Structure formats: structure tokens, C-alpha cells
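Could you slot chain Z onto chain U? The hints should help.
Heads up: the sequence lines are chains U and Z, in that order. Numbering-wise (our numbering), the first sequence opens with residue 1 and increments by one. Numbering-wise (our numbering), the second sequence opens with residue 1 and increments by one.
The set of hints was computed from the structure by calculation and includes no laboratory data. Values in this document were obtained by computation on a predicted structure and should not be read as measured data. No incorrect hints appear here.
Cross-link-like lysine-lysine pairs, in silico, DSSO-like; alpha carbons within 27 Å at most:
#1 Z:Lys87 to Z:Lys26
#2 U:Lys5 to Z:Lys48
#3 Z:Lys57 to Z:Lys26
#4 Z:Lys57 to Z:Lys87
#5 Z:Lys87 to U:Lys111
#6 Z:Lys48 to Z:Lys26
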Amino acid sequence: MVGSKLFVRRRDGRIETRLNEFARTVVRDAFANVLAAERDSHHEWHVSLSGPIDPSLDHDNPVSMLARQNETSTNAELAQLTVDEQYLTDTEAWAWLTSLQVALRSTAQAKGLLSDEQLAACDEDLLEYVQMLQQFLFQLADCF
Amino acid sequence: MALTKPLHTTSTEGAVLVDDAVETQKPWNVIVWNDPVTPMSVVVVIFKRIFGYSNNKCTQLMMAVHHEGRALVWSGARDRAESYCVKLQVAGLQSTIELDN
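So here's chain U without its partners, still in its complex pose:
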């Protein structure tokens, strides 16, 4: 994957996805996990999806919590629906970016990667997965 662009903004405004089957599988799993975590309170990513909005309160505003849940699910669903597409609209690409970022940060939180030192000391497979998500995000962000 290194050395070639994974996402390219075309002149017609769409974003071309140049992912091989392996990369697309990684992305597909990330989207599926975000959706699963939103629906399953026992999923290891669920905690990072339900962080406090106002930490000074025992409970956040239920309306805001519902809005967060809906928007996260909507993005992940749209990303999942378009995971095999070669060309994405701006809205679809934004859904990819937010869902990948949620997956990245949820992974870090679930695996205890809360500092640069912990990230540097984590096992090789986990570091490779994190770096892969970072690479997707870095290149996708470049299209906006």
C-alpha cells in the first residue's frame, strides 16, 4: 500500500478508492465493528462510543446521547453500504473518514494505547493495524 495513493479526489468531485482486496477487508471489518459496538454494550469499543459529554454530570442529556448514537450508526451504515464502491460522494467519503477515525480511537482506547509510550510498546500486530488505519485516514483527509 505504501507509495501509491489510496484515495484520490477527482475533477468531478468524487473520491476514487484505490484499495486492494486486503485493504478493503480491513476497512469493511472496521465499519462492521463500529456498528456492532454502537448496538452492543458489551463490545470492547462501546466505552469509547459512549464517553461523557459533560463530565461534571452523573448522566448526560439523553437527547444528545441519542443524537450521537444515531449519527455514529448512520455514518457507519453508509460507510458499510459503500465499502465496495470505487467512487464515493463527499458525504460517503465523510462517513468513511468518521467511521475509520472512530475505529482507530476505539481500538486505542480498548487496547490501553493512551500515550505515545504505550503506543510504542504495543505488540507488532496491533501497531501494524493502528498504522494501517492511520494511513487510510491520512490519505482520506488529504481529499477534503
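Positioned in the frame of chain U, the structure of chain Z alone reads:
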């Protein structure tokens, strides 16, 4: 055709209670917290998309998050602060709100 009944609304002059004690509410701050994995360029793109800030301002805020561990990205009414906080969380950034001190 002479009008015998008034067509205008009744004046409330003199009936309005004037409260001289104007209470200024403290603003609510939206805070974004640093994490070790999020690419810097992603933070900039998210700030631009959610707040519509300039590229320079987004970059400055991102650098503040990176170097100081947190940055105040928006300040104002509580309901809007909460809405922005939710948008940032949906975009995968760690964000909270707090009352301005």
C-alpha cells in the same frame, strides 16, 4: 364611517416590569483532548468541517491539542456547545464540555 372603536392594540406602556438586574450567563466551552493515534491532518479536517474555521485557525487549534493535551475549540450557549461536542465525538475525537471559569 367614523370609527368609534380603536383599531390599534392597547398600549402596555407602564405595565411592563423592568428588571434592572441583567444576569450574564457564563459561556460553555467545548474542549478537544489529545490522543496518541489520531493523525494531525484528520483533526484539522474535522475542525474545518464542523466549525467552518479557516485552515490556519484549525491548524493552530490542532497544535494546541497536540502540545497542551487539550484545546478550547468553541465557546457559547450550552445547547450549541453540547451539539458541537456530539459532532466531534461522532467524528471520532475525544471531546467534552465545561462551564467557563
